[in-house]
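> Below are the chains, spelled out letter by letter.
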Amino acid sequence: MTQRHSFVVNGAPATADVPGATRLIHVLRNDLGLKGARFGCGEGGCGACTVLVDGRPEHSCDVSVEFVAGRSVETVEGLSRDGVLHPLQKAFLDEQAGQCGYCLTGILMRAKALLDANPSPTRTEIAGALDGNLCRCGAHPRILRAVARAAEAIRASRT
Amino acid sequence: MTTGGLPKPVLDHPLVSHWIAFDGEDTVVVRSGRVEIGQGNTTALVQIAAEELDLRPEQIDLVAGDTRSAPDEGFTTGSLSVQVGGVALRLAASAARTLLVAEAAKLLQADPADLSVVDGAVLRSGEPTSLTYWSMAPSVDLRQSVADHAAPKPAHARRIVGRSVPRLDLPAKLTGGGFLHDMVVDGMLHGRVLHPPSVSARLAGADLAGLADRHALTAVVREGSFVGVVAPREEQALAALADMQRRCTWSAGRSAPADPVAALAQATEEAVVTFDRGDVGAGEGDGFQTTVSRPYLAHASIGPSCALALWEDGHLMVWSHTQGVYPLRRALADVLGIPPGSVDVVHRQGAGCYGHNGADDAALDAALLARAVPGSPVRLLWSRGDELASSPLGPAQITKAHARVGGDGRVAAFSVDVTCQPYGQRPGRDGRPNLLSAALLTDAPPPATGDDVPEGAERNAVPYYAIANLRASKRIVRSLPYRASSIRGLGAYLNVFAIETLVDDMAAALGRDPVAFRVAHLDDPRARAVVERLAEICGWPGEAGEECGLGIGFARYKNQGAYCAVAARVEADADIRVSHLWAAVDGGEIVNPDGVINQIEGGMIQSMSWTLKEQVRFDGEAVASRDWESYPILRFGEVPETATEILPRPDDPPLGVAEASQGPTAAAIGNAVHRALGVRVRRLPITREAIASAIG
Chain V
1 MTQRHSFVVN GAPATADVPG ATRLIHVLRN DLGLKGARFG CGEGGCGACT
51 VLVDGRPEHS CDVSVEFVAG RSVETVEGLS RDGVLHPLQK AFLDEQAGQC
101 GYCLTGILMR AKALLDANPS PTRTEIAGAL DGNLCRCGAH PRILRAVARA
151 AEAIRASRT
Chain Y
1 MTTGGLPKPV LDHPLVSHWI AFDGEDTVVV RSGRVEIGQG NTTALVQIAA
51 EELDLRPEQI DLVAGDTRSA PDEGFTTGSL SVQVGGVALR LAASAARTLL
101 VAEAAKLLQA DPADLSVVDG AVLRSGEPTS LTYWSMAPSV DLRQSVADHA
151 APKPAHARRI VGRSVPRLDL PAKLTGGGFL HDMVVDGMLH GRVLHPPSVS
201 ARLAGADLAG LADRHALTAV VREGSFVGVV APREEQALAA LADMQRRCTW
251 SAGRSAPADP VAALAQATEE AVVTFDRGDV GAGEGDGFQT TVSRPYLAHA
301 SIGPSCALAL WEDGHLMVWS HTQGVYPLRR ALADVLGIPP GSVDVVHRQG
351 AGCYGHNGAD DAALDAALLA RAVPGSPVRL LWSRGDELAS SPLGPAQITK
401 AHARVGGDGR VAAFSVDVTC QPYGQRPGRD GRPNLLSAAL LTDAPPPATG
451 DDVPEGAERN AVPYYAIANL RASKRIVRSL PYRASSIRGL GAYLNVFAIE
501 TLVDDMAAAL GRDPVAFRVA HLDDPRARAV VERLAEICGW PGEAGEECGL
551 GIGFARYKNQ GAYCAVAARV EADADIRVSH LWAAVDGGEI VNPDGVINQI
601 EGGMIQSMSW TLKEQVRFDG EAVASRDWES YPILRFGEVP ETATEILPRP
651 DDPPLGVAEA SQGPTAAAIG NAVHRALGVR VRRLPITREA IASAIG
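Chains as they are written, first to last, in my numbering: chain V, 1 to 159; chain Y, 1 to 696.
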């Protein structure tokens, strides 16, 4: 049954008039036009659809719109502000971290959650945080370097 | 004005106007048949065009893979985007510049040698003139021969090519765009199809009454064993698909072997000799042999295949992440019974894998759904299970290598025998559409398997070493019931694994150092340089620790592409851990160094994933590994440190690099495991269980 669901997306109020069980990924992509949450498997197995809900990484393919009602959702589209890229996005460009790039937006969101909680992660900690995010092209070494580089940039900007 | 043979694309599309148009205000339209599949060729092609036209890269408007305007260059495969497509584009762009500068010389009554171009503006002796490409373009006829006017810059004059220009497609992909999957067209509907559980299963029963009403569908499509739904909203299509799945029954597939690799080993099809020099059977000496195998592999793109299709006024428009818009156009027209001219296919980017995944199949699925709702564009997306189980598989392969060492301690003879299903079963191969759902339609002929492509199974089956007697053969098996086609590197991956395994075994038996043994058998100085440089950067022979070891592998891709040597460092305790991978590569002229490093590195990681982890699981004829749990690939926690070094050769022709590290990496890992543990795993993947069983 169609209902109105209200939540916050990238800092702005949003509503969706859809059945409560509708997957968040479909609301983001098709109702709100936010394509950064990418469909990969539909069962939380690859991380391509990762977004942050109240700051925690969630698989948007695996949570319903009901689940986020009244909560705050952050997608890759909210990472850059006023045309200025987030240090993670900048670091991914600096490291040229990607090939086909399909996995990257989910990885960026998972990495943001990591850096919010741990500003100085080791390579092992970064790899551990990203272990649920799959990449087929083998861009992993660059992605690991990019996340470390972003952490350094964020730390530098705070000192 | 060109020397040497012209690349095929220029022979096929000989006029400048086929490639270049000065349509914009300060931009130039450059057309290519080579499409972006994650390898970064967009950026490299733009660099090449900008270089020859003396433009900034951002002034190039690249149209790649579009039957409405771009040249037909067949498929984007075989690591040929730069080696062939880029060289063709270089000639065309250079010829365009020649024609425009000649026009400027005429208008200015100047010697063309006194004219130069900066960002499209003509300078005379370094001073500005009133002329630009765009002011002159209306009076210049570009329907002139590329070959007659091309005069590409010498290597030392290049300023854009040879630099690591950042990838042009990456910013969009980091901010939420960039993919076919993201396209929205006015009035777009959402489609889903239900694929049969195995290649030969057909619809036995389908109770679809009431389905449309229950899910408020726009259309339910059933044609033969093809079934699908179209809905206004994506979640409606998904719910209907789940409902439909419960209401469809399928015939059982054909019987299938319990062990596909064992079945391959028993195949009796005739072997065809693909290379024969000297006499591998003659002479005295110690014989060595090894037999290795690879299981069926999945392409396993992270994003499932997708397509958009629109039927309107007797015309079919398709947006696809196909690797060949023209072959797909012809195959779609063939299946749908309409002239190829009534179909247009436009490439948009999808998720990568570097092999023949479900992109083309999804395009037909979308077209079949769109035909039911003329005038409405339909977006079709496969499921994860479809992507892993309905896409063509990378075929299992067995490679046997035999060698003989003469009394002088040199390898005197080497033969390699390959057995597998045919590669290259792409749309149009042997005149067949080769699209998944084509075989499901009413009265459709049963799916048939075509011939292996030239240089398919036998790719890199001839060692690149200086050996007097060489022989290679391939046995193509058509009796196995799986759908298989090209996976990255085709036969090269396992053939190089076999050859480099045997080379290491021989070096060990002869008490020779594996690097020195290889170098002693390489008479091409570029090959020696790559192996020797690799040995330096990986610190060969490494520490002689307990349960760790370095291993190397070398090949020249297709024996005519890039030279690549890879070293792996393996630590083996409870599990196998690859701690480091190094590569040294000679790709001739390099258009974008970082792009090459990215491809070599990515190839190493993907090859490591295949080598240590991957195998398709079957339940009879059906693929049973339909999710990431049953088809695991390499994860971030398993990724080694990597280092790649390019040996610069700016004055030599560019050589395809994108598949060059696949085989050498597998060999390096196998050889490192052997050094660490003293065991060989010849049946890939090299899992913990396989090692335990090899140790006995």
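No lab work stands behind these hints, which were simulated from the structure alone.
One should not assume that every hint holds.
[As the list claims (entries may be wrong)] Not everything, but these chain Y residues come out facing chain V in the computed CB check (under 10 Å): (1) 38; (2) 218; (3) 638.
[Stated by the list, open to error] To list a few chain V residues with every Cβ distance to chain Y over 12 Å, as calculated: (4) 12; (5) 54; (6) 55; (7) 56; (8) 69; (9) 80; (10) 99; (11) 101; (12) 102; (13) 116; (14) 119; (15) 147; (16) 157; (17) 158.
[Unchecked claim] Simulated DEER-style distance windows between Cβ atoms: (18) 4(V) <-> 340(Y): 32 to 38 Å; (19) 4(V) <-> 26(Y): 22 to 28 Å; (20) 629(Y) <-> 64(V): 40 to 46 Å; (21) 64(V) <-> 210(Y): 23 to 29 Å.
Glycine included, C-beta positions come from ideal geometry on N, C-alpha and C.
> Now look at each hint and say whether the structure bears it out.
Hints versus structure:
{"no.": "1", "hint": "38", "in the structure": "holds (3 Å)"}
{"no.": "2", "hint": "218", "in the structure": "violated (15 Å)"}
{"no.": "3", "hint": "638", "in the structure": "holds (8 Å)"}
{"no.": "4", "hint": "12", "in the structure": "holds (15 Å)"}
{"no.": "5", "hint": "54", "in the structure": "holds (20 Å)"}
{"no.": "6", "hint": "55", "in the structure": "holds (19 Å)"}
{"no.": "7", "hint": "56", "in the structure": "holds (19 Å)"}
{"no.": "8", "hint": "69", "in the structure": "holds (17 Å)"}
{"no.": "9", "hint": "80", "in the structure": "violated (6 Å)"}
{"no.": "10", "hint": "99", "in the structure": "violated (4 Å)"}
{"no.": "11", "hint": "101", "in the structure": "violated (3 Å)"}
{"no.": "12", "hint": "102", "in the structure": "violated (4 Å)"}
{"no.": "13", "hint": "116", "in the structure": "holds (18 Å)"}
{"no.": "14", "hint": "119", "in the structure": "holds (19 Å)"}
{"no.": "15", "hint": "147", "in the structure": "violated (10 Å)"}
{"no.": "16", "hint": "157", "in the structure": "holds (19 Å)"}
{"no.": "17", "hint": "158", "in the structure": "holds (23 Å)"}
{"no.": "18", "hint": "4(V) <-> 340(Y): 32 to 38 Å", "in the structure": "violated (49 Å)"}
{"no.": "19", "hint": "4(V) <-> 26(Y): 22 to 28 Å", "in the structure": "violated (49 Å)"}
{"no.": "20", "hint": "629(Y) <-> 64(V): 40 to 46 Å", "in the structure": "violated (23 Å)"}
{"no.": "21", "hint": "64(V) <-> 210(Y): 23 to 29 Å", "in the structure": "holds (26 Å)"}
In summary, the numbered hints that this structure violates are 2, 9, 10, 11, 12, 15, 18, 19 and 20.
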